[in-house]
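Chains as they are written, first to last, in the working numbering: chain A, 1 to 118; chain B, 1 to 114.
Hints listed in this document are in silico derivations from the structure and should not be mistaken for laboratory results.
Since we're looking at a predicted model, the values are computed, not measured.
Ideal Cβ positions, reconstructed from N, Cα and C, are used throughout, including at glycine.
You may find that some hints are simply not true.
Claimed, not checked - To spell it out: a stretch of chain B is covered by chain A in this simulated footprint if at least three of its residues, at any positions, have a beta carbon under 8 angstroms from a beta carbon of chain A; those stretches are:
hint, stretch
1, 72-85
2, 96-109
What the hints assert, rightly or not - Residues of chain A clear of chain B, computed beta-carbon distances all greater than 12 angstroms:
hint, residue
3, Gln6
4, Pro8
5, Gln37
6, Arg81
7, Val117
Unchecked claim - Simulated crosslink set (DMTMM-like; lysine to aspartate or glutamate; CA at most 20 angstroms straight-line):
hint, chain 1, residue 1, chain 2, residue 2
8, B, Lys101, A, Glu68
9, B, Lys101, A, Glu14
10, B, Lys106, B, Asp11
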Amino acid sequence: GAGVSQSPSNKVTEKGKDVELRCDPISGHTALYWYRQSLGQGLEFLIYFQGNSAPDKSGLPSDRFSAERTGGSVSTLTIQRTQQEDSAVYLCASSLPTASLRVNYEQYFGPGTRLTVT
Amino acid sequence: DAKTTQPPSMDCAEGRAANLPCNHSTISGNEYVYWYRQIHSQGPQYIIHGLKNNETNEMASLIITEDRKSSTLILPHATLRDTAVYYCIVRAGNSGGSNYKLTFGKGTLLTVNP
Chain A
1 GAGVSQSPSN KVTEKGKDVE LRCDPISGHT ALYWYRQSLG QGLEFLIYFQ GNSAPDKSGL
61 PSDRFSAERT GGSVSTLTIQ RTQQEDSAVY LCASSLPTAS LRVNYEQYFG PGTRLTVT
Chain B
1 DAKTTQPPSM DCAEGRAANL PCNHSTISGN EYVYWYRQIH SQGPQYIIHG LKNNETNEMA
61 SLIITEDRKS STLILPHATL RDTAVYYCIV RAGNSGGSNY KLTFGKGTLL TVNP
């Protein structure tokens with residue numbers, strides 16, 4: 001079946017511009033996660049959605065970062081006034097719902113969006 | 001979550017079994033062992049997970065020692081496409097607190113040679 005999809009696959013932007021990254025999770029996966037991976041680094045958690053609500057935004061590095069999810073499906077990560085240190089691969093993952101049963105399900109990742117800020 | 005220790009790199013001949021070890025000596029009773037891999041320029045890919053029994057799926061087998069302090073991921077017939085960084089992760093079985101977060105270490109770079 002269809003996996004997690006992300007767009008664009010690559011994005012080059014100038015410092016100071018805003019960017020939007022999109023994630024389309026696996027159908028039926030109400031839990032959605034954003035991570036980022038800087039060059040040679042491990043994954044850094046950014047935000048977690050259960051349905052349309054984001055109970056955990058603790059990983060967002062600054063108030064320039066925001067994310068939303070509508071219809072319990074597609075999510076958009078927005079970075080305002082991009083800085084060079086924002087350059088990274090932004091990964092989205094989805095899983096079966098975790099909240100109600102408090103079960104930790106495996107997460108399935110998309111291919112990522114490579115963001116380069118010049 | 002408990003920490004894991006993996007060798008930084010391993011080599012394997014194509015067609016042979018690849019056995020990737022992981023130590024997790026401080027694992028708790030409710031923590032599972034998960035394996036993911038990341039092929040160059042792709043997102044991480046879920047492989048398998050287990051609690052205490054050995055597990056097998058279409059991708060790999062997971063062997064967990066009786067004391068659960070270590071495990072081995074086995075790719076029975078490695079191919080060139082299995083070249084990737086393999087991550088062993090210990091993760092709670094419940095999603096309470098912030099247990100849903102995945103924390104990847106440095107993993108093992110497996111290189112499958114022709």
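Is it the case that A/Arg81 keeps its Cβ farther than 12 angstroms from each residue Cβ in chain B? holds, 26 angstroms
Please verify whether B/Lys106 and B/Asp11 have alpha carbons no more than 20 angstroms apart. Judged against 20 angstroms, a Cα distance of about 17 angstroms means the pair holds.
So is the stretch 96-109 of chain B in contact with chain A by the C-beta rule, three or more residues under 8 angstroms, or is the coverage claim wrong? holds (count 10)
Could you let me know if the closest chain B CB is still more than 12 angstroms away from the CB of A/Pro8? Per Cβ check, A/Pro8 is outside 12 angstroms of chain B; nearest 14 angstroms; holds.
Between the stretch 72-85 of chain B and chain A, are there enough contacts, at least three residues with CB-CB distance under 8 angstroms, for the coverage claim to hold? Since 0 is below three, the answer is violated.
So A/Gln37 supposedly isn't at the interface. Is its beta-carbon more than 12 angstroms from every beta-carbon in chain B? Incorrect as stated: the minimum Cβ-Cβ distance to chain B is 9 angstroms, not above 12 angstroms.
For a C-alpha distance cap of 20 angstroms, please report whether B/Lys101 and A/Glu68 respect it. holds, 18 angstroms
Given hint A/Glu14 paired with B/Lys101 - CA-CA distance at most 20 angstroms: violated, 31 angstroms
Since A/Gln6 was said not to touch the interface, does its Cβ keep a gap of more than 12 angstroms from each Cβ of chain B? Non-interface label on A/Gln6 violated, nearest chain B Cβ at 8 angstroms vs cutoff 12 angstroms.
Compute the least Cβ-Cβ separation between A/Val117 and chain B, then decide whether it is above 12 angstroms. holds, 19 angstroms
Of the hints listed earlier, those the structure fails to meet are numbers 1, 3, 5 and 9, in rising order.
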